[in-house]
Structure formats: structure tokens, C-alpha cells
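Trainee: Residue numbers (our numbering), protein chains in the order written: chain A, 1 to 319; chain B, 1 to 319; chain C, 1 to 266; chain D, 1 to 266; chain E, 1 to 311.
Read the hints as simulated data drawn from the structure, not as lab findings. One thing to keep in mind: the hints can contain errors.
[As the list claims (entries may be wrong)] Among chain A residues calculated to face chain E with C-beta under 7 Å, some are:
| # | residue |
| --- | --- |
| 1 | S41 |
| 2 | N157 |
| 3 | D240 |
| 4 | Q245 |
For every residue, glycine included, the Cβ atom is placed at its ideal position computed from N, Cα and C.
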Amino acid sequence: MNALKDKLPPLGTLGPVIALLMACAFFATQSDRFLTGQNLSLVLQQVMVVGVIAIGQTLIILTAGIDLSCGMVMALGSVVMTKFATELGMPPALAVLCGIAVTTLFGLANGLLVTRIKLPPFIVTLGTLNIAFAITQLYSQSQTITDLPELMTGLGNTFTIGGTEVAWGVVAMLGLYLVAWFALRETARGRHVYAVGNSPEATRLTGIPTQRILLGVYVLAGFFYGIAALLSVARTGVGDPNAGQTENLDAITAVVLGGTSLFGGRGVILGSLVGALIVGVFRNGLTLMGVSSVYQILVTGILVILAVAADQLSHKASR
Amino acid sequence: MNALKDKLPPLGTLGPVIALLMACAFFATQSDRFLTGQNLSLVLQQVMVVGVIAIGQTLIILTAGIDLSCGMVMALGSVVMTKFATELGMPPALAVLCGIAVTTLFGLANGLLVTRIKLPPFIVTLGTLNIAFAITQLYSQSQTITDLPELMTGLGNTFTIGGTEVAWGVVAMLGLYLVAWFALRETARGRHVYAVGNSPEATRLTGIPTQRILLGVYVLAGFFYGIAALLSVARTGVGDPNAGQTENLDAITAVVLGGTSLFGGRGVILGSLVGALIVGVFRNGLTLMGVSSVYQILVTGILVILAVAADQLSHKASR
Amino acid sequence: MTASSNTAPLVLQAKGLVKRYGQVTALDGADFELRAGEILAVIGDNGAGKSSLIKALSGAVVPDEGEILLDGQPIHFRSPIDARRAGIETVYQDLAVAPAMTIAENLFLGRELRRPGFMGNVLRMLDKKEMLAQSIARMNDLKVGIRSMTQPVETLSGGQRQCVAVARAAAFAQHVVIMDEPTAALGVKEGNMVLELIRRVRDKGLPVVLISHNMPHVFEVADRIHVARLGKRAAVLNPKKISMSDTVAVMTGAMRAEDIPADCLA
Amino acid sequence: MTASSNTAPLVLQAKGLVKRYGQVTALDGADFELRAGEILAVIGDNGAGKSSLIKALSGAVVPDEGEILLDGQPIHFRSPIDARRAGIETVYQDLAVAPAMTIAENLFLGRELRRPGFMGNVLRMLDKKEMLAQSIARMNDLKVGIRSMTQPVETLSGGQRQCVAVARAAAFAQHVVIMDEPTAALGVKEGNMVLELIRRVRDKGLPVVLISHNMPHVFEVADRIHVARLGKRAAVLNPKKISMSDTVAVMTGAMRAEDIPADCLA
Amino acid sequence: AGEPVIGLITKTETNPFFVKMKEGAAEAAKAKGAKLLTGAGKADGDNAGQVTAMENMIAAGAKTILITPSDSKAIVPAIKKARDKGVLVIALDSPTDPVDGTDALFATDNYKAGVLIGQYAKATMAGKPAKIATLDLLPGHPVGAQRHNGFLQGYGLQSLDAKSNELAKPAEVVCMADSFGDQAKGQTAMENCLQKNPDINVVYTINEPAAAGAYNALKKAGKDKSVLIVSVDGGCQGIKDTAAGKIAATSQQYPLKMAAMGVDAGVEYAKSGKKPSGYTDTGVTLIAAKAVAGVDSKDTTVGTQLCWGKK
Ligand SMILES: Nc1ncnc2c1ncn2[C@@H]1O[C@H](COP(=O)(O)OP(=O)(O)OP(=O)(O)O)[C@@H](O)[C@H]1O
Ligand SMILES: Nc1ncnc2c1ncn2[C@@H]1O[C@H](COP(=O)(O)OP(=O)(O)OP(=O)(O)O)[C@@H](O)[C@H]1O
Ligand SMILES: [Mg+2]
Ligand SMILES: [Mg+2]
């Protein structure tokens with residue numbers, strides 16, 4: 001068998017959820033502001049951009065790839081859609097579509113390099129990371145794009161359910177997760193994504209067009225980064241050429257915390273949402289506790305290890 | 001067989017060297033200052049810190065792991081050794097040893113978490129990355145440590161061979177590469193590192209203490225980060241708490257550009273040196289050409305892809 | 001019913017196949033002929049090029065030279081997909097299963113069933129229930145005592161895993177079935193079940209290519225025996241006429257092709 | 001020379017081994033006895049727990065219950081290293097080779113030879129030349145036509161790969177050799193070479209455990225036959241007395257242990 | 001829990017300038033009986049991280065937010081949301097764009113800081129033709145652009161205005177490279193610039209660590225005496241380097257003062273509901289070891305008294 005994979009312990013599907021609940025329980029004891037609907041809604045809004053990026057990232061990691069370019073491609077998308085809408089005066093919807101088209105094209109480029117020339121995804125996306133960053137800076141002249149039409153930031157608006165404000169963008173993110181989860185679980189193409197990551201050669205031999213699936217995954221990821229760009233525009237109200245710089249690592253962290261194996265073929269996409277939430281809850285909870293920012297970093301480091309270790313040890317115990 | 005690995009094309013051992021030579025040839029046509037002994041010596045000095053970090057990183061990647069903490073651990077090491085030497089007034093040699101001990105301890109911690117609790121290296125080192133960063137900032141109060149004793153910066157000094165200045169630190173780096181190369185190639189433990197990365201289960205079943213080898217690799221990597229810390233102190237003449245922030249990605253890039261597979265078990269350590277040199281040559285050559293920094297990033301992105309693609313396509317042709 | 005005479009039409013044919021891996025020449029001008037309705041055994045020493053031959057026939061590798069004909073028409077398989085489209089199903093020696101996926105998923109990998117109606121046509125939802133039911137039926141054919149079809153293949157014993165691959169090929173073949181050492185890891189009972197299955201497939205009218213090192217198995221089911229040697233076809237033998245020891249002699253090179261009595265050739 | 005009577009001392013012994021994988025009970029109180037100087041065949045249906053049994057005996061898995069005795073002394077193998085130290089060499093069914101490494105490296109993995117003198121003792125340099133020479137000699141014993149010992153194992157054919165694992169175990173065993181289906185992927189000639197090798201190992205005085213589904217092979221070399229069934233030991237048979245078909249009947253459960261004639265038991 | 005809660009959001013954790021700012025705020029908060037929350041972006045330019053920190057602080061009960069905007073424009077909508085909830089938002093160090101995005105601004109003028117050292121450099125060169133190397137921050141960073149363009153403006157070269165985020169590149173600038181405000185990278189950048197043009201005689205650096213790196217490179221090349229280095233920040237280490245002649249002049253800024261003023265305003269707001277407004281310039285002073293005719297500068301003794309960081 002594929003012995004390599006045995007090295008990465010399969011973080012059980014439930015493990016990340018337990019870690020998240022433990023973190024929530026802990027913060028609830030520390031601050032009575034934590035477990036309010038409003039605060040939790042806030043955390044959701046804070047993770048929505050990384051959350052949507054993590055969908056694309058999960059797809060790629062499931063195929064045993066990795067995408068370092070995700071954050072920068074998202075930044076490019078948000079600059080393109082905002083500049084098109086303001087400077088070119090395009091209708092907002094069209095401008096958004098153009099932005100998403102650009103990120104999708106970047107996904108296509110990544111995918112073609114990976115499938116046609118068979119370059120390692122790490123190298124390809126390291127290259128496109130730099131390319132997307134440079135284009136973003138050049139095209140925007142490093143200027144933040146402001147004065148956006150109302151329509152573009154609509155996903156940042158909130159509506160009220162039972163006294164709690166919910167952002168439309170959060171609803172969009174949750175919807176995308178459900179669709180991705182359904183597609184990966186219940187459709188043939190989704191299972192093929194797992195199969196390609198699990199054993200590319202076996203999958204090819206059963207006659208599944210593995211290259212086309214890989215390409216599709218990269219294109220789809222680019223599409224999700226475009227949606228993330230829209231959410232980021234909606235959330236901040238501007239097109240920010242410096243966005244996305246920390247999102248690469250954040251998204252990969254969310255995916256791995258969510259239990260998806262970096263070696264491909266194993267994982268549940270909803271875990272990535274949980275992973276993103278774990279990071280968001282830490283940041284929020286520690287601030288509520290009044291932990292100063294350097295100590296927050298220290299504590300985050302320790303807690304990330306503890307969360308996964310607790311999961312791992314509980315697995316061992318139950319074996 | 002381990003079909004996953006077949007996905008990552010083995011960048012031939014010679015590929016990275018060819019890419020490096022191509023880059024050098026290109027820059028030589030663009031600037032007559034490029035191919036001077038002095039300039040090349042400078043490039044070597046500029047890559048010596050990343051180069052030594054990349055030795056540790058290569059060891060870890062050969063075992064199918066990854067170390068995100070390398071740069072931060074190095075920064076901590078340099079802060080510890082410089083603070084011990086200045087504030088505590090320790091003899092420089094002892095202070096350096098203390099610094100190296102700290103980085104080695106971090107390696108040990110990484111290794112124990114990976115081998116004993118069986119956490120994914122990505123998560124473990126993400127945690128220790130944050131921890132090392134926070135400790136560095138707290139311990140140094142984010143202040144650069146200056147006025148170091150002469151002895152500590154000795155490796156930054158140069159001597160002249162045939163009219164070209166060579167830094168002692170570069171000699172040290174080349175020496176370490178040779179030792180690592182020899183050990184990986186010619187000793188049993190070295191071959192076991194490859195075996196563990198290639199097929200951990202098979203290696204375990206042949207009765208090799210895989211866990212001990214993994215642990216040893218992480219400890220050794222920590223030791224190399226300590227040496228890198230010393231080199232960075234020697235090069236800049238200060239203990240800089242903000243060092244190491246880009247070294248994580250730089251070191252991994254050097255390793256991957258050098259042809260080592262992120263899936264473990266395949267690669268040649270000298271390739272990592274070549275990979276580090278490729279990055280250094282790009283930066284130096286593009287500055288010599290007067291390319292402005294955003295365009296440098298753009299060009300670097302394109303060239304990284306082209307370099308690996310050319311290698312890959314030439315392989316295909318020769319098959 | 002042992003069909004196939006020398007006059008049955010050729011279903012799959014190869015002429016002068018050459019496949020090189022770097023220095024090693026795995027196939028060195030190999031010929032191959034599969035006739036309608038027959039079980040053709042392919043035997044040969046380790047490294048004789050048997051797996052390489054069937055990989056070329058099933059599109060898993062592209063031969064460097066030579067041509068392949070399906071039903072008399074030249075055909076170029078650039079990938080296993082092409083071969084699958086042409087109705088050729090293959091059990092590869094290295095099993096070609098996805099270890100982390102369940103038995104049912106592996107059985108239907110690439111040929112998943114969709115739910116009827118809206119759910120399947122529009123939402124493209126899989127019919128997991130039906131696939132599970134059919135998996136159980138298929139695996140029961142082979143009488144392997146596997147408890148659950150939803151366990152990952154990596155938890156199966158070596159023989160159980162092989163049964164998954166065999167069941168898959170037998171279930172989905174339309175035109176030709178190729179099996180590379182399907183009984184190698186199987187127990188006596190399970191091995192016999194597979195032989196039985198092979199006969200049933202043949203009786204459905206599909207020709208079967210069986211690679212095996214197990215001479216009793218070969219002599220039990222084969223209509224003709226293709227002997228591979230040093231990357232070539234050394235001879236095609238008639239198991240009804242030739243003895244097992246002579247067959248082994250041909251295979252190992254102890255008996256030259258010229259010395260085989262003419263009536264033993266097929 | 002077929003040694004081993006019922007009175008030869010017990011070398012390796014296990015009592016009531018239990019091993020569970022989640023829901024599946026792979027070993028359900030299995031006993032095991034290996035006597036000095038004998039070849040003990042272990043047979044059984046797929047999934048009967050043969051591989052699990054020998055994994056427990058070789059330290060690759062730790063049994064949940066039961067005890068293991070080596071030369072009459074209770075012993076706990078926590079890892080394959082412990083078993084190797086005790087001189088037990090094992091060929092695992094899934095081969096346990098490192099695919100990217102060369103044949104020579106795989107043969108000597110974990111027992112590399114160092115150069116004599118300063119180079120070896122101080123620099124701990126490997127003696128690659130000597131290992132290469134010995135590799136060629138070992139592999140020639142098995143008469144497999146492998147061209148170069150420095151090619152990666154992943155480029156070998158299935159049978160060739162198996163030969164690497166067999167050659168390794170035979171070369172380094174000090175006390176006991178265990179082989180899990182060593183001939184499964186082998187050709188007739190190569191299979192016979194392995195049987196020959198097994199006999200040679202036994203004649204050197206080392207007892208051998210041979211797991212195989214190949215009844216002719218089993219009857220050709222085994223001194224006693226351990227029949228595994230449903231995670232237990234169903235019987236130990238004497239191949240000189242019992243027929244092949246009765247053996248298969250015991251294995252599949254068609255013949256109950258009580259019904260076996262007493263003189264057929266070993 | 002009646003104590004006022006004040007949030008301070010810096011650009012990064014690591015820059016000593018912000019670390020000092022946090023210290024100043026913490027001291028002032030302690031003195032005034034306020035609770036201080038601190039946060040930062042993950043990296044310079046990380047707007048989303050600052051937005052998140054601000055939201056979390058408000059959730060934690062902060063009524064006053066002090067922020068050094070990483071991105072002067074991008075942060076504005078988020079600040080507006082906060083102010084709509086009645087939170088007092090004060091920009092420290094650098095303004096938002098538009099300036100009235102926050103209630104008040106306690107800041108230095110980075111452009112002016114650049115102008116001062118530009119003027120100083122020009123006067124020191126006394127008409128000698130300049131070959132300038134600029135070691136800038138990182139692509140797309142407004143502070144980097146303001147200091148860079150201000151420097152060129154002060155030197156009397158073709159430049160861009162204070163609002164531009166692009167870096168001007170007149171002919172006299174023979175090499176531009178990014179230092180990321182980091183000593184090791186500043187050194188590498190300077191080395192490469194010297195390879196490109198060994199005749200460089202003026203070096204502008206984004207901050208003092210970069211200047212120290214540039215000095216190292218120049219010293220190794222034997223040019224430390226003949227090349228003029230100017231910088232911005234006025235940290236104690238930087239002043240030391242100025243006194244030692246490594247740096248010719250630096251524009252000093254006052255993070256402690258900004259932070260203390262911000263905390264005071266926050267406490268006042270909590271007590272009386274009175275909001276500060278407008279721009280308070282916390283000042284920038286040119287510190288130089290050697291004064292030159294026609295440019296107003298203070299010597300390093302003054303600089304040391306006023307400097308931030310470890311004296
Ligand atoms: N990918 C490869 N790279 C290099 N050599 C290969 C590769 N695949 C097969 N070979 C070589 O080609 C020859 C034929 O291999 P093949 O697998 O076809 O043999 P086989 O007849 O199937 O043997 P077996 O009975 O052992 O399965 C062998 O010598 C083998 O080493
Ligand atoms: N890692 C595992 N996880 C779960 N179940 C396992 C695992 N390994 C073995 N099993 C189960 O244990 C039972 C015994 O397996 P084992 O491999 O010992 O059988 P075997 O007798 O060697 O069969 P074969 O002849 O097919 O190799 C099987 O039902 C198998 O599915
Ligand atoms: Mg084969
Ligand atoms: Mg078995």
C-alpha cells in the first residue's frame with residue numbers, strides 16, 4: 001500500500017470539531033462576551049474570505065497538490081473587479097464576473113502547467129504567486145481602489161435573524177461549502193478527485209481521465225478564489241492590492257487543521273471550514289480575554305499543537 | 001508501488017544545475033559586472049544563511065516532512081547567542097553554543113511531537129513557528145542586538161583567493177554541504193533517511209528504528225538552524241529579531257528547485273545549494289540589470305516556472 | 001463448452017510490439033492473437049514481458065513500435081480510457097485499486113451509477129445504495145468472506161484485495177477481459193472461484209486473456225497458451241495436446257520452438 | 001534430509017494470540033509452534049489470519065492478547081527491530097521494499113556493510129562495492145535475470161521484486177526465516193529456485209515458516225502443515241500422510257478437525 | 001469593570017517602532033487606569049488582519065481604537081462601521097485617506113521626514129553630482145512611497161507628491177531595491193546595488209535597520225567613508241549609529257508620544273464623551289551628527305534624549 005500516507009495520521013472526521021468545541025468552551029469560561037450570537041457572527045464574517053479560499057485549496061490538496069498562489073490570485077481578482085467597476089465604469093455584476101474570470105484563468109494556468117508540463121504544484125504556484133502579486137501591484141499602481149458601487153459590497157451587508165446579525169457573505173460561504181461537500185461526496189466527479197489524490201496511477205488505469213480532473217480542480221479553485229475576492233471586497237469595502245498576503249498559509253492551515261492529508265486523497269471538506277473557524281475563534285477569543293498580541297501568537301502556537309495532539313491521543317486511546 | 005510519488009516528476013539531478021547555468025549565462029549577457037569573481041562571491045555570501053537552513057530543511061523533506069519553523073528558530077538562535085554574549089557577558093564561543101543549543105532543542109521538540117504523538121510535521125512546525133517567533137520578540141523586546149564581540153562575527157570576514165574575496169561563512173556552508181552530502185550518500189544512516197521517506201512502513205519492517213531516525217533528522221535540522229543563526233549574525237553584525245521571516249519559504253523553495261521531492265525519499269542535497277543559488281542569482285542579476293522590484297517579482301515568477309519547465313521538457317525529449 | 005478453433009475470428013491482435021524502458025527492452029517485437037470466445041493463457045518467466053504486453057494492449061503504456069488491431073482494425077490506445085471505451089477491461093498485476101476508498105467505490109470507480117430522475121440527472125447524485133447492493137452480489141460470486149463493502153480497500157488482506165480487482169473487471173467488460181495474475185494471492189477456494197468466473201465470462205462470449213504462473217490453473221481453463229520469452233512470443237501451444245512439463249520446457253527455453261511437435265501448436 | 005520430528009525442540013511458539021482491527025478480529029486465539037530444523041507451511045483461506053499471525057510473530061504488529069515464546073522463553077516484540085535482533089527474518093506479503101532505492105540497497109537495508117579501516121570505522125563509509133558483489137551473488141542464487149543491481153526496485157517486474165525480498169531474508173537470517181507467500185508472483189523456474197533456497201536454509205539448520213496458497217509447493221517442501229482458519233489454528237497436518245484434497249477440505253472447513261485421521265496429524 | 005477599554009492596533013508585531021508605541025500606550029493606560037488591548041496585522045500591509053483585530057476589540061468592549069493604518073484607504077470602510085457604533089477611532093503615525101476617515105490623527109508626516117533628509121543630503125553633497133541608491137520598504141507600501149518621494153523632493157529631484165504610492169525614479173537614482181526594513185535584506189540590496197554601480201555616493205534607506213545593513217555592505221566594499229547614508233525613524237539604535245557616523249542624518253519620529261496622546265484621548269472620551277478632532281502633528285526632527293549650513297538639524301545628544309527604543 002501507499003505507506004507514505006500511513007505516516008500522516010488521519011485526523012478523524014470528528015477530531016477538528018471536538019477541537020473547535022473545546023476551544024469555544026474554554027473561551028466561554030474566560031469571557032461572557034464570547035458566546036453571544038453577535039460575537040459568533042463576527043467570527044464567521046472574519047473567516048469568510050479564508051473559508052472560501054480554503055474550499056479551493058482543499059480541492060487541490062485532495063489531489064495531493066498545493067496552491068501557494070491562492071491569496072495573491074484573490075487579491076488580483078479583487079483589484080480587477082473593483083477597478084473595472086470604478087475606472088472603466090462597468091456595471092458591477094459584469095465587473096465582478098471579469099474579476100472571477102481572471103482568477104479562474106490563473107487557476108487554468110496553474111492547472112495546465114501541472115497537467116501538461118507535469119511541473120510540481122509547489123513550483124507552479126510559487127511562480128504564479130509572484131506573477132499575480134506583481135500584476136496586482138502594477139495594475140493597481142499599488143493604490144487601494146475605493147468608492148465602489150453599493151452593489152459590489154452587498155455581500156458584506158447583514159440581515160438579522162433572531163436578534164443576531166448575519167452577513168450575506170457568510171451565507172454565501174456556507175452555501176458554497178454545502179455545494180462542495182455534496183459534490184465531493186455524492187457525485188462521481190467528486191469521488192474521482194479523491195481517487196486521483198489517493199492513487200493517481202490506479203485511477204488512470206481504471207480509465208478515469210485523471211489529467212482532466214486535475215485541470216478541473218485547479219480551474220475550480222481559481223473560480224473559488226474569485227468568489228473569495230468578491231467577499232473580501234464586500235467585507236472591506238475596497239479593492240486592496242495588498243490583500244491576500246497571509247491567506248496562503250492561513251488557508252493551508254485551515255485545510256490541514258480540518259483533517260485533510262497533505263498527501264492527498266483523504267479528508268472532508270467541511271473540516272476545512274472547521275479549521276478556519278478554529279483559527280478565527282482563537283484570534284477572537286484571545287482578544288476578548290485581553291491577551292496582548294505577542295502572547296496571542298505564542299498561545300496560538302501552543303494551542304494549535306495541543307488541539308491536534310488531543311485529537312491524536314484520543315484516537316490512540318480508542319484504538 | 002507508491003503511485004503518489006510518480007506524480008512528482010523526479011527533476012533529474014542535473015536539471016537544477018542546467019537551470020542555474022542558463023540563468024547565469026542570461027545575466028552575463030545582460031550585465032558585464034555579473035560574471036566577475038567578486039560578484040559571484042557576493043551571491044554566495046547572500047545565500048549562505050538560506051543555504052545552511054536548506055540543509056536542515058532538505059533532511060526533513062527527504063523524510064516526507066516539512067519544517068515551517070526554520071526561519072523563526074534561526075532568528076531565536078541569533079537573538080539568544082547575541083544577547084548572551086552582550087548582556088550576560090558570556091564568552092562568545094559559549095554564547096554561540098547556547099544559541100545552537102536552543103535551536104537544537106526546538107528541533108528536538110519538533111521531532112518529539114512528530115515521532116511520539118505522531119502529529120503531522122506541517123502542524124507541529126506551524127505551532128513552533130509561532131512559538132519561536134513570540135519568544136524571540138519577547139526575549140529581545142523586538143530590539144536589535146548590537147555591539148557584538150569581534151569573535152562572533154568572524155565568519156563574516158573574508159580572505160582573498162586569486163583576487164577574489166571569499167567569506168569564511170561561505171566556506172563553512174560549502175563544508176557543511178559536503179559533509180551532509182557525504183553522510184547521506186555514503187553512510188548507512190544517510191541511506192536510512194532516504195528509506196524512511198521513500199517507504200516508512202517497509203523501512204520499519206526491515207528493522208530500522210524509523211522513529212529514532214526521524215527524531216534525529218529534526219534534531220539535526222535544529223542544529224543546522226543554529227549554525228545558520230551564527231552565519232546570519234556574522235553576516236549582519238547584529239542579532240536581529242526580525243530575521244528569518246522569509247527564510248521559511250525561501251528554504252523550501254531552494255530545496256524543491258533543487259529537485260528534492262516534497263513526498264520524500266528522492267533528491268540530492270547538493271541540489272538544494274543549487275536551488276538557493278538560483279534564487280540568489282536571480283535577485284542579484286535582476287538588480288544588476290536595473291529591473292525595478294515589482295518587475296523583479298514578476299520576472300522571478302516567470303523564470304522559476306521556466307527553469308523547471310525547461311528541465312522537465314528536456315527530460316521528456318530524452319526519454 | 002470450450003469454443004475457439006483456429007478459425008475463430010481474431011478479436012485482438014498485435015504485431016511486432018516493441019517497448020523499451022531506458023536500457024531495458026521489455027518487449028522486443030512481440031506478436032499476439034486473441035480469438036473470439038477463447039481463454040488465452042499467457043505464461044512466461046519473470047520479466048519475460050507479459051505485463052508489458054498487456055499494458056500495451058490495454059493502453060496503460062504506449063508501445064514504441066508495432067501495431068495493435070481490434071476486430072481487424074488498426075487502433076491506437078493513447079490511454080486506458082481509449083481501451084475502456086473499446087470495451088477492454090483489465091486487472092493489472094499491481095492491482096490498481098485506490099487504497100483509501102471503499103470496496104464499493106473501487107468496484108464502480110469510473111463507472112459510478114447515478115440515481116434515477118432529478119437527483120441523478122440534474123444533481124448528478126450517486127446511487128450509493130444500488131452500487132452497494134451490486135457490490136455485494138459481485139463479491140459474493142467470488143465467495144470471499146468480506147464483512148463490509150464500505151471498508152477501505154487498504155484494510156483488506158492481500159487476496160481479498162485481488163478479488164476486488166477481479167470482480168471489477170469481470171463485471172464491466174464488454175469486449176475483452178485481460179487479467180494479469182489474478183489468482184496469485186488467492187487461496188485454493190478463492191482461486192477456483194476466479195477460474196470459474198473466467199469460464200463464465202468466456203461463456204458469455206467474451207474472450208479472456210489470463211496471465212498466470214500457476215500451471216494447473218492454466219491447463220484447467222486455457223483454450224490456447226501463449227508463451228512469452230525474452231520480450232517475444234516463443235510459441236502458442238494447445239493445452240489439450242502438450243504436456244505440462246513440455247510447456248515449462250518451452251517457457252524456460254529448454255525446448256526450442258522448432259522442436260515442438262506440430263500438433264501441439266495452436 | 002527432512003529433519004524435525006514431533007520431539008524436536010520448539011523454537012518459536014505462540015499461545016492464544018488475539019489481534020483485532022476495529023470490528024474485525026484477524027486473530028482469534030491462534031496457537032503456533034515451530035520446531036527446530038523444520039519447514040512449517042502455513043495455509044488457509046484468504047483472510048484466515050495468516051499474515052496477521054506472522055506479523056505478530058515478527059514484531060510488525062503487537063497482539064492484543066496471547067503470548068509468544070522464543071526457545072521456550074516468553075518474549076515481547078514491540079517492533080520488528082526486536083524480532084530482527086532475535087535473528088528472525090521475514091518476507092512480508094506486501095514485500096516491504098523501498099521502491100526508489102536500488103536492489104543492492106534494499107538487500108542490505110538496515111545491515112549495511114562498512115568499509116574496513118579508517119574509512120569505515122571513523123567516517124562510517126559504506127562498502128558499496130562489496131555490497132554490490134554480494135548482491136549479485138545472492139540474486140544469482142535465485143537465477144533471476146536482473147541486469148543491474150543498481151536499478152531502483154520500482155523498475156522491476158512483480159516477480160523480480162519478490163525475489164529481492166526473498167533473497168534478503170534468506171541471506172541474513174540467524175534463527176528463523178518467515179516467508180509470506182514468497183512464490184506468489186514467481187514463474188515456474190523462479191518458484192522452484194525459491195523452494196530450493198528454502199530447503200537450503202533449512203539444511204543450514206534454520207527453521208522456516210512458509211505461507212503459501214500453492215499446494216504443490218507446500219507438499220513439495222513442508223515437514224508439517226499449519227492450517228489457519230477463521231483466525232485460529234484448525235489443525236497441524238503431516239504432508240506425508242494426508243492427501244492434498246483432504247488438506248484443502250480441512251482448510252475450507254469441509255472436513256472438521258475431529259474427522260482427520262489421527263496419523264495424519266503432525 | 002468600569003475602566004475604559006482602549007484598543008491599539010499596530011501594523012506589525014515586530015517593528016521596534018510599534019513595540020515602543022505599545023509600551024508607551026501601556027504605560028499611559030496604567031497611569032490613567034484604562035485597560036489596553038493590543039493587536040496587529042500579520043505583516044505590513046495586512047489590512048484584513050487589522051479589520052479583524054478592530055472588530056474583536058470592539059466585541060471585547062473597546063470604546064476607543066487607536067490604529068496605525070497599514071493601508072490608508074482600505075481601512076476606511078471598517079473604521080466607518082466602528083464609528084457608526086459610537087467608537088472613537090484615532091489614527092496614529094499615519095493618516096487614513098481621506099484624513100477625516102478617523103476622528104483624529106496623531107501622526108508624523110512621513111513625506112516631510114523624507115524631505116528633511118533629502119535637503120540634508122543635498123546640502124552635504126554641496127553640488128557634487130549625486131548617484132543615489134534607495135533601499136525602499138516593499139512594493140506597494142504607502143509609507144515607503146512617502147518617505148522615498150519626500151527624500152527626492154527634498155533633494156530637489158523630480159518626484160511625486162505625498163499621495164502617490166508609486167516610487168519616483170529620476171535619473172540620479174541609479175539603483176532601487178527593497179529592503180523590507182530588515183537589516184539582512186538591506187545589506188543584500190546594498191551589495192547588489194554596489195555591484196550595479198560602484199559609484200553610488202548617496203544612500204537613502206527606509207529605516208535604520210536597513211541603513212545599518214547598507215553600512216555593513218559599504219564597509220565591506222571599503223566605501224563606508226565616502227558614501228552618505230540618510231534614514232528615517234530616530235530609534236535609539238539609529239541615533240547611536242548616527243553618532244558613530246554610520247548614518248549621516250535621520251528624521252526622528254515619536255511613537256511614545258503618539259500612543260500616550262491616544263490613550264489620554266480615549267480615557268477622556270470615556271469620562272466626558274468628548275472626542276478629539278483634527279490632525280495633531282507629533283513632529284519630526286532632523287538629527288545629524290554634523291550640521292550643514294542651510295538645513296536645520298539637532299545633534300545626536302538631543303536625538304538620544306528623545307529617541308525611542310533601548311537607550
Ligand atoms: N517502468 C519500468 N521501468 C524500467 N524497466 C521496467 C519497467 N517496467 C518493466 N520493466 C522491465 O521490463 C521487463 C519486463 O517486465 P514485465 O513486468 O513485463 O515482466 P513480466 O513478464 O510481467 O514479469 P512477472 O512475471 O515477474 O510479472 C523486466 O525486466 C522489467 O524489469
Ligand atoms: N490493517 C488492517 N485493518 C483492518 N483490518 C485488517 C487489517 N489487516 C488485516 N485485516 C483483516 O484481518 C483479516 C485477516 O487478514 P490477514 O491479512 O491476516 O489474512 P491472510 O490470511 O493473510 O489472507 P491472504 O491469504 O489473503 O493474504 C482480514 O479479514 C483482513 O480484512
Ligand atoms: Mg508481470
Ligand atoms: Mg496474507
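Trainee: Next, verify each hint and record whether it holds.
Mentor: Now the hints, each set against the structure:
1. S41: 10 Å, violated
2. N157: With Cβ-Cβ at 11 Å, over 7 Å, it is violated.
3. D240: At about 4 Å, which falls below the 7 Å cut-off, the nearest Cβ of chain E leaves the hint on A/D240 intact, so it holds.
4. Q245: 6 Å, holds
Taken one by one, the earlier hints fail for this structure at numbers 1, 2, listed in ascending order.
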